[in-house]
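Here the protein sequences line up with chains A and B, keeping their order.
Going by this note's numbering, the first sequence opens with residue 1, and the numbers climb by one from there.
Going by this note's numbering, the second sequence opens with residue 1, and the numbers climb by one from there.
You may find that some hints are simply not true.
No copy labels: a pair is met if it fits in one copy or bridges any two.
Unchecked claim - Below, simulated BS3-like cross-link-like pairs (lysine-lysine); rule was C-alpha separation at most 25 angstroms, straight line:
1. Lys61 <-> Lys116
2. Lys61 <-> Lys134
3. Lys94 <-> Lys73
4. Lys134 <-> Lys49
5. Lys73 <-> Lys110
6. Lys116 <-> Lys94
7. Lys134 <-> Lys94
8. Lys61 <-> Lys94
No lab work stands behind these hints, which were simulated from the structure alone.
Bear in mind the structure is a predicted one, so any value in this text is a computation, not a measurement.
Listed below are the residues making up each chain.
2 protein chains.
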Amino acid sequence: MLSPASILHVFTPSCPICATALTNAVVFILLDKEVKTLSYEAYIPMAEKTVQALITEARQKWDDLIHVAIVHKIGDCPVGETSVVIAVSSAHRKQGLEAVHWLIDELKVKVPIWKKEVYVHGGPDGVDGGEVWKANNAMP
Amino acid sequence: MLSPASILHVFTPSCPICATALTNAVVFILLDKEVKTLSYEAYIPMAEKTVQALITEARQKWDDLIHVAIVHKIGDCPVGETSVVIAVSSAHRKQGLEAVHWLIDELKVKVPIWKKEVYVHGGPDGVDGGEVWKANNAMP
């Protein structure tokens, strides 16, 4: 299970690099809901490349970012479990907050990840088998 | 020690209320830096009242907020330890991100909390004893 705590640890004093440099950390956590299970699939090499490009672009847009971590779950993700964690630390809070907002919006649109929604009582619009594949940015 | 994890637990599936309602959680964590120790003092009754008023105002501004948690450390806060955690969950990520940004900015300006900076090698501008009290919004 993807745990926000596993990401947060790099933003705490137990990480010697951070202890003197870090002031603000913004963590965006996306939990799944509404359906029984989501299952994510990705074109991994392109997804990793795209995420790296987004981080590079974010560092150009906001020049005081310190750490940037993005983790996306692939495979089954039951309702209520975390599917995405984006964590950014920055010298000034405004930049960190703006960067996290931009990163989740861009990730949803640009990173090649798709999700299959498995419904408890069948899917919408008469979908057979109670499953439907959607673009990752379909919601929310 | 104020732990982000202690706040995050209300945003996880172990909280039955959240499990079906929650999609997005935004957590802002402010860690202290630059000085040996910060010490916070607050006019507690007014601070609690002001924080509650900010939460009420945030819920009016962004009507799909689900959970809002704000915790501020009072007393000594060594470098690298968390002094503030603001956590918001919302049905749509845009509102949650905007609300967290607004809440930390408003908290810094409006909540009656002051901080004493204790310097390793004495304070700036020849401050005796290496300590100086500042308004909470002095930085960063």
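query: Which of the numbered hints are not met once you compare them with the structure shown?
result: When the structure is compared with the hints, numbers 1, 2 turn out to be violated.
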